[in-house]
Every structure is written in structure tokens, then in C-alpha cells.
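Given chain A, put chain B in place with the hints provided.
2 protein chains.
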Amino acid sequence: MEATYRALCTHGYADLTIQAIADEFEKSKSLLYYHYETKDDLLLDFLDWLLERWKDELREDEADDVESFVDGILPRELGEEREEFRAAIVEIRAQAASKPAYRERFTRSDDLFRGVLVERIEAGVDRGAYRDVAPEATADLLMSVIDGAMLRRATTDADVMGNTRDGVDVYVARVLRGEQ
Amino acid sequence: MEATYRALCTHGYADLTIQAIADEFEKSKSLLYYHYETKDDLLLDFLDWLLERWKDELREDEADDVESFVDGILPRELGEEREEFRAAIVEIRAQAASKPAYRERFTRSDDLFRGVLVERIEAGVDRGAYRDVAPEATADLLMSVIDGAMLRRATTDADVMGNTRDGVDVYVARVLRGEQ
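Protein sequences appear in the order of chains A and B. Straight run, no breaks: the first sequence in this note's numbering ends on number 180. Straight run, no breaks: the second sequence in this note's numbering ends on number 360.
Read the hints as simulated data drawn from the structure, not as lab findings. Zero decoy hints are in this set.
Straight-line distance between alpha carbons at most 25 Å, and here's what the computed SDA-like set of lysine to any residue pairs gives:
1. A/Lys39 with B/Ile269
2. B/Lys279 with A/Ile89
3. A/Lys39 with B/Asp195
4. A/Lys99 with B/Ile198
5. B/Lys219 with A/Ala14
6. A/Lys55 with A/Asp110
7. A/Lys99 with A/Thr38
8. B/Lys279 with A/Arg82
9. A/Lys55 with B/Asp339
10. A/Lys39 with B/Lys279
11. B/Lys279 with A/Arg6
12. A/Lys99 with B/Met341
13. A/Lys99 with B/Arg266
14. A/Lys99 with B/Phe265
15. B/Lys279 with A/Glu80
16. A/Lys99 with A/Met1
17. B/Lys279 with A/Tyr102
18. A/Lys39 with B/Gly192
19. A/Lys55 with A/Gly12
20. A/Lys99 with B/Leu258
21. A/Lys39 with A/Tyr13
22. A/Lys39 with B/Leu196
23. A/Lys39 with B/Thr197
24. B/Lys235 with B/Gly259
25. A/Lys99 with B/Asp339
26. B/Lys279 with A/Phe85
27. A/Lys39 with B/Asp337
28. B/Lys219 with A/Asp157
29. B/Lys279 with A/Leu42
30. B/Lys279 with A/Leu78
31. B/Lys219 with A/Thr38
32. A/Lys99 with A/Asp110
33. A/Lys99 with B/Ala200
34. A/Lys39 with B/Asp220
35. B/Lys219 with A/Ile89
Same shape as in the complex, but just chain A (with noise of 0.2 Å):
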């Protein structure tokens, strides 16, 4: 899995084959072959396996506000190793559009992320840290944002991500903080 990540890091998805996966495998190349077929059915079981990680991620993350889940996920600045993993993670999605097996893993990450947003609300509202905002609008909206802002900046030239950010830091403040 380790292996997938780097060959997707250095390939992206539409240049990935299993050889250059092998070629950042350590262990026997024969091995990989043996358990997958095709491309497909490796990444299929590398977004199982990442889906594991975020998960964990989240369980041991022991902030439970809005604006350190931005911070995780919608940094101003990616670097160039997340930033490369990001754009090859938008080619994966979109085969989601139209394989049925790549959208019920798209579904379960989308379902993850946007629950911890949905939970951290209310906790915001319950402690009075936030207003009685509808938590889930709040919590579609930004996993729209953070999505769409992931796709931009791996699809276009535009300076998508610290103009975003300000974008959001404003909504947080004023929708869900009240502040003027």
C-alpha cells in the first residue's frame, strides 16, 4: 500500500501500472502480481486501506472544532508530496462517475468526513462556542468547498487555495462564531 502511495505520488493515476508499483515494492514483485490482476484492483483495496488510516486519523485526533478539521484538510499551502497525491487521488475519483465499486469507497470517505464536521458542530453549539447553525448544511457546505478546492487546484492554474481559505475562515467566523 505504501508502495501505491509513491507510484501515485510520482505517476499519478492515468500513468500507473502495476510494474511501477513493483518498481517501489520491496518485497517480491512476484507476490503483487499474484494478488492483483489489474490497476484497478489494487487501488480498489489502497482506498480500503486509506479509508482505514483516516479513519484512525480522525479517532486519535482529539480536537472536536471546525476550525482544526480546516486546518487539517485545507491547508494554505499543500507542499509538493500532498499536493501530487491529491491531483492522482482526483484522477482515481472520478472513476467513480462511472464504476460502481470506486463510488461505494467515495461514498464511505465522503460519509466519514462529513460525520466528524456533522459531530464537531453540534459539540461547537452545544458548548455555545458556535450559534444554532443547521449542522448539516454547515457540514455539506464545507465538504463542498474542501472538495471543490481540492479539484480546482489539481485541474487548473488558477491560486485556488489561500484565497479559499480566507473564504472560509470568514464563513467560520461570521456564520458559525457570530462574529461581526
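Coordinates of chain B only, in the frame set by chain A:
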């Protein structure tokens, strides 16, 4: 170009072939094969045509507020044809992560729509309809929400449109119009 539109709605990008477009084409099919060697050649021309159509539509649009822009581009229900077409566009857009010719087209369309939003925000601030917000950050947040809702709708089973639109309406009311 209209044959390409219909073929994309029916087949999506992954299963699209020049033959499928030719099947939708009323005129000489050999003409199509004469002009385009590959699916990519044809789709790049299609994206240019689409961009000109969008420019014309925006030029003819007499509205100059953010609310009607959002109504047009992020309705609560898309309808089957528009939904199929947007799913195909998400697949085509993912090509821009690795292919410069696609990237150039999606950068131009991002510039176009973002530019219209910046103008409308500035116009609203000038006539006192909106608070004195930062036009760039506001436009980028809205562009990311719109593209993210499209990506999530096309690649997950999540119920995206209604909730995201509720979130955007609250954003426009509280952040732009300054309502409480």
C-alpha cells in the same frame, strides 16, 4: 458538437468513442473521422465550443447579483440530462490533472466564472446590497463550493445538492447581505 454533447450524456467519458459520437451525428460520419484522429482531439474542440457558449450565455444574462448566479449553476435539483452531462464533465476534468491541453481549458473556464462572480460581488458592494467583503476570497469560496458539489454529486451517493445549497443560501444571507 451537439452530437458530442448527446453522446457524453449517454455514454459518459470512459465509454465514449468517436463511433458513439458519429452515431449521434446526422451529417457525414466520414467527415467526423476526417477531422478528428482521437477522442481527445474532438473533446478539446468540444470544450472550446462549450466555453464560447457559456461566454455568450453570461453576456446575455442581465442579472448582476450573486444570488441569480447561484440559482443558475447550483440548483437544488439538476434534472437527469444535466446530471449525466456534469458527471461526464467531471470525468473529462480529471484528465486535466495530467494533460496540459485539458488543464488550459479548465483554467479558462475557472477564470470566466470566477471573474463574473468577482464583478457581481463588487457591483453588490457598490450599490450597498452586500457588506464590504473581499471579492476574491468570496468568489473563490463560491467557486470551490460549486465545483465541489458537482464532484461529490458525480462520484458519491451522498445527498449533496439540497444541503449544500442551504449552506450557500445561509452564507450569502449572513456574510454578503449581513442578515442576522
